[in-house]
Amino acid sequence: MSPRRKTDLLFPVHEAQLSNGLRVRMVPDHDAPVVSLYTFFQVGSRNERPGITGISHLFEHMMFNGAAKYGPKEFDEVLESNGGRSNAYTTHDVTVYYEDFAADALDTVLDLESDRMRSLTIDDRSLRSEREVVKEERRLRVDNEPAGLMDEALHALVYQAHPYRWPVIGWMADIEAIRRQDCEAYFRTFYAPNNATLWVAGDFDPARLLGRIRKAYGDIRKGPPAPAIVDAEPGQRGERRAELRHPSRAPSLVIAYRGPKVTDPDTLTLDVLQFILGVGEGSRLQRALVYGKRLAVNVGVDWSWRRDPGVFAFHLELQPDADPRAAEDALYAELRRVAEQGVEPREVEKARNNLRAHLLREFTSNSGRAHGLGSYELFLGSWKHGLGLPEAYGRIDAAMVQAAARRWLDASQRSVVTLIPEEARS
Amino acid sequence: MTAAKQRTTPAVDVGRGLRLHRFQTPGGLPVTVAQRGRIPLVAVRLVLASGAAGDPAGKDGLADFTMRLLRRGTAHRDAHALDEAIEFVGASLGLFAGEDQVAVALTTPAEHLPAMLEVLSELVRVPSFPEEEVRTERERSLGQFANDVDDPSLLADRALLRTAWAGHPYGHDVSGTRASVSSFGREDARRFHATHFGPRPAQLFVVGAVDPDAVGRQIESAFGPWAGGPDHGVEVPPPAGVARSGTVVVVDRPEQTQSQVRLTGPAYRRGAPVQFAAQVVNVTLGAGFTSRLVREVRVKRGLSYGVGSSFDTLRAGGLFSISSFTKVETTGQLLSVIRQETERMRERGPTQAEVEKAQRYLAGLFPLRTETNESLAAVLADMALYGLGDDWLDRYRDRVRAVTRAETRDAAARYCYPEAPLTVVVGPAERLRPQLERFGPVEILSADDVL
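Chains as they are written, first to last, in my numbering: chain A, 61 to 486; chain B, 867 to 1317.
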């Protein structure tokens, strides 16, 4: 175990690895008698195949349905009875479980979490019930939500071969088709300790905690290495477009460019570009499209880090009478301005200040520290890279931002989804 | 220079290691500074005791509209200069309107606190409401209504509020309606500001790794000249129960495959002594992942992804509401299950084991409510606005633990819909009507009726 401290850092991180491969990270802080525990599994919809899309997310639900020691639904029952709460989320790349709780419940939470990693029960009855719950979740987030429909259409347009093509929640018929045996195989491969990292932040003594973690998790057997993912995505040879008709009152646009994977050196430069273009009331697109030309009601730029090549996307909610083509042109004019004339050094400095403030904000709570550092470790290879981000952003200059805009915001690598309002049909 | 320091009263110890430093600026602005933490980010919150309940007749949404315009120009800077001043240093600014209050929340890197206090002071003292910005903001708000039609959950919440509290100052969404917002002009915003703003009904909170004396001097310098304002916020009469109890209001969205469902009945005003017992009832019935509603709706029947209950309490009154959603075909079944569970809770209350579990849940998670500087600033502001008392943070867990089962039974009997609740459903009216008629008279609205 090696406590590490960094000058810019206001808390120590203790690291360890158990013999079964489980990585353990501890961030003690004694300000309040609470603890947050995060378990990161390196699995998401990118590990799926057609026919059982959505299994990562459905499986996340199954993790609350009982194991050898704690039976169905006892996980939350025990946790909440001890002054705690839990939740989980699944993305294209990762599945994360977390608990916030009163510090004196730490042993109980370790017992609960290790129980389900060791001996999850997967039965047909709970699978049937969770399937219905997930279908409602899909109806909520996608089928009755234009932004969800557009996002789904966009990914199917950008990706032809890579698993990022399908939605994390899965296609409705696939959710229906997933069998118990699929879940069992999934558990054996992806929920083994060697595919997981535990992050604990809050009010505890790290040496004692590590002893308790060894006791709780030490006997869980190592799993096989997760199968490698083949990224068979072919190159894109020109703009792709899709239309979505929906009984909305106003049109919307999602426009995406193919971006790099998170470990590419351009990733952080694109973070800066994202802030210059779209974060804050004074950002370029907000000024041009919302306040200047008044074409859009809201503009967002989404550059989400992904383990495989991701997308740099623009979301535009338009004024009801706005012409989507005119809004597209106005956006492209702004992007051309960056590529051709570059950005001001002051804009880069502003983006850096905001990225640093974001990082500080993330680190103000136990939950934020555990989640933030765990995510940086998963995406960047080490949590230390996360703590070094302010310095890394400091090395980015205006010329690099302009070069990245030229490289990545190329019209031939673009995909456009337009939501067109039409009359309701019941 | 030392005026503020002289005014600094000895710090008040509010328990849990937290000390509050309080003083008033010469103009009469009450200030609270809480020193804590190590992360160099400071939270600043300025609240005024009038909100959307003070919107003039025909001008629903004016408090919210006025707040959003604060950053669009002042006597000294235009919108762009303000955005630059705030955003360049990595600070962030939120402008909010609630029914009882408006608030400006600012988070800033500690080294820029003095400059950000100057900006904050400018926003609330001398906003200029430029004609052009008023027009843009109005168009943007109207455009937002068009986009809101696509959000069934938001339509349900809007329909619930305006029906439950119809005719009362709380009976409209804080963002107003298309009709009211269309009528907004510069003079409306200017008048709202002139009527309600000033240090007297305001309070300022600063939380973070700061030196209270230094912050006192900075506030003095930034807010020194600010004086006046009304003595107190808008007086709101207590609402007379919930209007149209027993009615089922349907907002027709023919294309939806899922219904949004809400139920509501009258509750208590914010800070009423019954709140601790009521929260135990709420946790047992519908908070967290192991509530009775989650068990019956989600776990046993797979009817929904989510179901929850909550007390929404304000200065003059409150609501006890339940919220869920399900596919159109099972809407009636979902409502039956919810009504059955509220009835069971009303008649027998929580069991002793459930009371104890809810107490541990509420007490164990309480420290998380004030974990960040922003959240502590917001809780301190609520303590002041709603008169919760200086011992609120310190005593909360003891008060929760002191609740008896008899008290929870009383609370359940009072708030779990002794009169039939008002029900709101958003979805395809034609297909829903046959499922809903058994719950009460059905009234059908269009989305336009609630926007």
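Treat the hints as calculated values from the structure; they're not laboratory data.
Ideal Cβ placement from N, Cα and C applies to all residues, glycine included.
Check each hint, because a few of them may be wrong.
[Stated by the list, open to error] List of simulated lysine-lysine pairs, BS3-like, C-alpha gap at most 27 angstroms:
hint, chain 1, residue 1, chain 2, residue 2
1, B, Lys-1166, B, Lys-1193
2, B, Lys-1166, A, Lys-133
3, A, Lys-133, A, Lys-282
4, B, Lys-1193, A, Lys-133
5, A, Lys-129, B, Lys-1166
[To be verified] Some chain B residues close to chain A (C-beta under 10 angstroms, calculated; not the full set):
hint, residue
6, Leu-948
7, Pro-1018
8, Val-1100
9, Glu-1101
10, Pro-1104
11, Arg-1164
[To be verified] Computed list of chain B residues with no C-beta within reach of chain A, every gap over 10 angstroms:
hint, residue
12, Gly-1037
13, His-1098
14, Arg-1110
15, Arg-1167
16, Thr-1179
Hint by hint, here is what the structure shows:
For the given pair, B:Lys-1166 sits about 16 angstroms from B:Lys-1193 by alpha-carbon distance, which is consistent with the 27 angstroms threshold. In summary, the hint linking B:Lys-1166 to A:Lys-133 is supported, as the alpha carbons are separated by about 11 angstroms, within the 27 angstroms threshold. At most 27 angstroms may separate the alpha-carbon atoms for a hinted pair to count; A:Lys-133 and A:Lys-282 meet this at roughly 26 angstroms. This hinted pair checks out: B:Lys-1193 and A:Lys-133 have alpha carbons roughly 24 angstroms apart, not beyond 27 angstroms.
Proposed proximity of A:Lys-129 and B:Lys-1166 is supported: the alpha carbons are some 21 angstroms apart, at most 27 angstroms. Annotation: interface hint on B:Leu-948 holds; nearest CB of chain A at approximately 8 angstroms, less than 10 angstroms. For B:Pro-1018, the suggested interface contact is upheld, since its CB lies about 6 angstroms from the closest CB of chain A, less than 10 angstroms. Hint status for B:Val-1100 relative to chain A: violated, with the closest Cβ pair at about 29 angstroms, above 10 angstroms.
Because the smallest distance between the Cβ of B:Glu-1101 and any Cβ of chain A comes to about 34 angstroms, over 10 angstroms, the interface hint for this residue is violated. Interface hint at B:Pro-1104: violated, since its Cβ lies 34 angstroms from the closest Cβ of chain A, which is beyond the 10 angstroms cut-off. For B:Arg-1164, the suggested interface contact is upheld, since its CB lies about 6 angstroms from the closest CB of chain A, less than 10 angstroms. With a least CB separation of 24 angstroms from chain A, B:Gly-1037 remains clear of the 10 angstroms interface cut-off, as annotated.
No beta-carbon of chain A is positioned within 10 angstroms of the beta-carbon of B:His-1098; the least distance is around 32 angstroms. Once the 10 angstroms rule is applied to beta carbons, B:Arg-1110 is consistent with being away from chain A; the minimum gap is 26 angstroms. A cut-off of 10 angstroms between C-beta atoms contradicts the statement that B:Arg-1167 is not in contact with chain A; the least separation is 8 angstroms. The non-interface label for B:Thr-1179 is consistent with chain A: the shortest C-beta to C-beta separation is roughly 22 angstroms, beyond 10 angstroms.
Checked against the numbered hints given earlier, the structure breaks hints 8, 9, 10 and 15 and satisfies all the rest.
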